[in-house]
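Q: Given next are the chains, with one letter for each unit.
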Amino acid sequence: MKSRWQILIVDDEEVMAESLAAWLREDGYSVDTAPSGRAAVARTRETDYAIYFVDLKMPGGMDGIETMMEIRRLRPDASVIIITAYATVDTAITAMKEGAQEYIVKPCNPEEISLLVDRIIKVKNLQLENQMLRKRLTGQYEYRDIVTKNSKMRAILELVRDVASLRSTVLVRGASGTGKELIARAIHYSGDRAAAPFIAVSCASLAETLLESELFGYEKGAFTGAGAQTKGKFELADGGTIFLDEIGDISAKLQADLLRVLQERRFYRLGGTTEIQVDARVIAATNKDLAEEVREGRFRDDLYYRLNVIEINIPPLCQRRDDIPHLARHFVARLSSEIGKEVDGIGEDALKVLLDYDWPGNIRELENAIERAIVTSRSRVLCAEDFSFLDSIMRARANTALPPIPLQDLEKLAIEAALGRTQGNIKEAATALGIDRSTLYEKIKRYNIERS
Amino acid sequence: MKLACIVSVGFVEEAILSEAQMVIERSYGFEVELLPARPSSATAFDASRGQWSAVELMKDLVRNRPPMAKRILGLTSDDLFIPMLSFLYGQAQLGGAAALVSTARLRQEFYGLPSNTDLLTKRVRKEILHEMGHTMGLVHCPDHTCAMCLSTNLEQVDMKRDIYCRPCSLSVDARLNSLLNDAE
Numbered sequence: 001m002k003s004r005w006q007i008l009i010v011d012d013e014e015v016m017a018e019s020l021a022a023w024l025r026e027d028g029y030s031v032d033t034a035p036s037g038r039a040a041v042a043r044t045r046e047t048d049y050a051i052y053f054v055d056l057k058m059p060g061g062m063d064g065i066e067t068m069m070e071i072r073r074l075r076p077d078a079s080v081i082i083i084t085a086y087a088t089v090d091t092a093i094t095a096m097k098e099g100a101q102e103y104i105v106k107p108c109n110p111e112e113i114s115l116l117v118d119r120i121i122k123v124k125n126l127q128l129e130n131q132m133l134r135k136r137l138t139g140q141y142e143y144r145d146i147v148t149k150n151s152k153m154r155a156i157l158e159l160v161r162d163v164a165s166l167r168s169t170v171l172v173r174g175a176s177g178t179g180k181e182l183i184a185r186a187i188h189y190s191g192d193r194a195a196a197p198f199i200a201v202s203c204a205s206l207a208e209t210l211l212e213s214e215l216f217g218y219e220k221g222a223f224t225g226a227g228a229q230t231k232g233k234f235e236l237a238d239g240g241t242i243f244l245d246e247i248g249d250i251s252a253k254l255q256a257d258l259l260r261v262l263q264e265r266r267f268y269r270l271g272g273t274t275e276i277q278v279d280a281r282v283i284a285a286t287n288k289d290l291a292e293e294v295r296e297g298r299f300r301d302d303l304y305y306r307l308n309v310i311e312i313n314i315p316p317l318c319q320r321r322d323d324i325p326h327l328a329r330h331f332v333a334r335l336s337s338e339i340g341k342e343v344d345g346i347g348e349d350a351l352k353v354l355l356d357y358d359w360p361g362n363i364r365e366l367e368n369a370i371e372r373a374i375v376t377s378r379s380r381v382l383c384a385e386d387f388s389f390l391d392s393i394m395r396a397r398a399n400t401a402l403p404p405i406p407l408q409d410l411e412k413l414a415i416e417a418a419l420g421r422t423q424g425n426i427k428e429a430a431t432a433l434g435i436d437r438s439t440l441y442e443k444i445k446r447y448n449i450e451r452s
Numbered sequence: 001m002k003l004a005c006i007v008s009v010g011f012v013e014e015a016i017l018s019e020a021q022m023v024i025e026r027s028y029g030f031e032v033e034l035l036p037a038r039p040s041s042a043t044a045f046d047a048s049r050g051q052w053s054a055v056e057l058m059k060d061l062v063r064n065r066p067p068m069a070k071r072i073l074g075l076t077s078d079d080l081f082i083p084m085l086s087f088l089y090g091q092a093q094l095g096g097a098a099a100l101v102s103t104a105r106l107r108q109e110f111y112g113l114p115s116n117t118d119l120l121t122k123r124v125r126k127e128i129l130h131e132m133g134h135t136m137g138l139v140h141c142p143d144h145t146c147a148m149c150l151s152t153n154l155e156q157v158d159m160k161r162d163i164y165c166r167p168c169s170l171s172v173d174a175r176l177n178s179l180l181n182d183a184e
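Protein chains in written order, with my numbering: chain A, 1 to 452; chain B, 1 to 184.
If you are wondering where the hints come from, they were derived from the structure by calculation, not from laboratory data.
Among the hints, erroneous ones may be present.
[Claimed, not checked] With beta-carbon atoms standing in for the labels, derived distance ranges:
| id | chain 1 | residue 1 | chain 2 | residue 2 | range |
| --- | --- | --- | --- | --- | --- |
| 1 | A | G99 | B | D173 | 44 to 50 Å |
| 2 | A | C318 | B | E33 | 49 to 55 Å |
| 3 | B | L34 | A | N125 | 41 to 47 Å |
| 4 | B | L34 | A | V105 | 36 to 42 Å |
| 5 | A | V105 | B | N153 | 17 to 23 Å |
Note that the structure is a prediction, hence the values are computed from the model and not measured.
Ideal Cβ positions, reconstructed from N, Cα and C, are used throughout, including at glycine.
With the hints as extra help, turn the sequences into a complete structure.
A: Given below as structure tokens:
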């Protein structure tokens with residue numbers, strides 16, 4: 001997908017910059033122009049361009065080489081192509097020495113530029129894929145990897161960065177599918193524990209006794225089947241972070257055990273007599289209202305206060321709708337290459353559908369919807385039609401969410417809606433309702449419905 | 001209603017112009033009007049390169065588009081350039097109204113070979129579809145046989161077919177629908 005790569009053309013001659021930009025845009029790249037070295041540096045601070053075309057000779061105190069040096073200082077991964085009208089060996093050597101990827105003389109053959117850009121982008125795609133695969137493999141997501149432009153989420157990411165290197169316990173709250181584990185991983189991999197393990201445990205998926213042995217480990221013979229001494233997740237996370245997902249679902253006994261670990265940083269393996277000391281940072285997550293659970297007596301208040309040293313509340317997707325286009329494009333880019341289908345983007349009509357939908361399943365649901373749309377789409381840009389399945393999901397939900405209501409009232413509502421939609425046209429309304437006209441007249445009279 | 005106009009910039013053979021008209025009518029369903037020929041603009045000529053500026057000719061096309069025409073296609077025998085590139089087969093406003101195709105480098109004679117009218121017509125058809133595709137917002141297609149594939153040499157032009165691949169064709173249809181709805 002080319003549109004993910006941004007190109008900046010730096011030239012004081014507007015015609016030269018704009019015409020090259022237009023030519024590259026036809027190739028699918030996102031291209032900006034800058035009239036001077038200083039303007040280019042200012043744009044570089046805001047945007048991460050993959051390729052720069054920089055004219056060697058520019059007035060205004062900053063020539064092409066100086067501009068390139070500044071760009072490379074700010075964006076070491078960017079590829080800079082120096083353009084010149086008059087090639088000399090000296091300038092070519094200087095440009096290459098200072099880190100130019102290429103040095104081209106204008107005017108040049110379209111094939112040359114096309115091959116050059118393709119070659120650079122091919123390498124960048126491979127680098128990105130490698131980075132993505134490595135992250136996927138190790139789950140090493142930092143706060144920079146979280147896709148958001150929403151102000152609430154930005155504040156959360158700042159908090160993530162601030163608390164990353166502390167040892168304090170963090171409680172991440174948010175509905176299912178909002179990305180609680182991603183935030184936990186971001187805290188871990190942005191801090192000074194990044195090199196140590198991040199161990200995730202889903203507390204809801206295991207029975208009480210199993211969870212206990214899973215967390216604290218066991219000695220040989222502690223229970224039937226305990227054939228060898230085994231370390232628990234707390235020990236494995238020593239020096240790193242343990243992520244306890246669905247913490248609101250643990251039993252009273254485990255709550256007490258956990259409180260002891262949090263207070264004293266030590267525990268016993270099941271069936272063990274030696275106290276084990278660990279330095280594991282605890283990040284807990286829940287989709288429940290723990291304060292409410294405490295009030296109801298289902299969760300220990302002392303454990304709640306221990307866990308809730310730093311609280312992060314992730315808003316549901318319906319409260320950060322401004323992120324939907326951004327997230328959608330991100331998923332299209334990632335999933336299209338994973339699925340291996342040539343889908344370059346998402347159309348405005350499709351984005352409108354996504355913005356109008358409620359997303360009760362949050363980001364996970366959005367990701368799944370985009371995957372489904374990519375798989376079934378027949379064009380290179382996802383359109384509203386590719387997301388038509390959301391409509392039936394929404395209707396099914398609306399039906400199941402309907403409160404008990406007398407059938408007569410329901411019938412009246414349906415007739416009023418049909419008349420409203422057809423602007424009082426009896427024939428059309430009767431067809432839409434699947435009844436004949438005389439029946440409709442009779443019902444209008446019975447329910448005393450106004451026809452206008 | 002005339003939805004597209006074709007104008008020759010300088011001399012262009014009548015056969016090429018009527019071929020262009022047929023391609024646009026057939027592929028886009030537009031009603032096409034042939035406008036009176038315009039002379040090659042003197043300001044567009046660059047004496048040092050012996051070529052015509054595509055930027056200037058495009059400006060001229062945009063200025064002279066009849067208000068009712070959704071698209072204007074300029075055809076020229078002049079050899080085109082932009083400052084950064086040594087030549088262009090054509091140019092278009094991406095998602096815009098104007099497109100320009102040059103026949104200069106599509107002719108066998110340009111390379112010292114005997115003229116071949118059939119081959120020239122075929123190449124012109126492909127380049128018209130290509131540039132008109134850009135006006136529909138399409139970018140280059142990775143399918144080497146699709147008219148929207150980038151060609152930087154004649155082998156690539158000849159490798160393409162004078163039709164869009166299925167995904168490009170669907171995109172063109174979608175844009176056409178919204179364009180025709182707007183026109184109603």
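Q: With reference to the structure, classify each hint as holding or not holding.
A: For each hint, the structure was consulted:
Restraint check, A/G99 to B/D173: a C-beta distance of roughly 46 Å satisfies the suggested window 44 to 50 Å. Checking the proposed 49 to 55 Å range against A/C318 and B/E33 shows it holds: the Cβ atoms sit about 51 Å from each other. Between B/L34 and A/N125 the beta carbons are some 45 Å apart, a value that agrees with the proposed interval 41 to 47 Å. Taken as a hint, the range 36 to 42 Å holds for the pair B/L34 and A/V105, whose Cβ atoms sit roughly 41 Å apart.
Range check, A/V105 to B/N153: Cβ separation about 19 Å, and the 17 to 23 Å hint holds.
The structure shown violates none of the earlier numbered hints.
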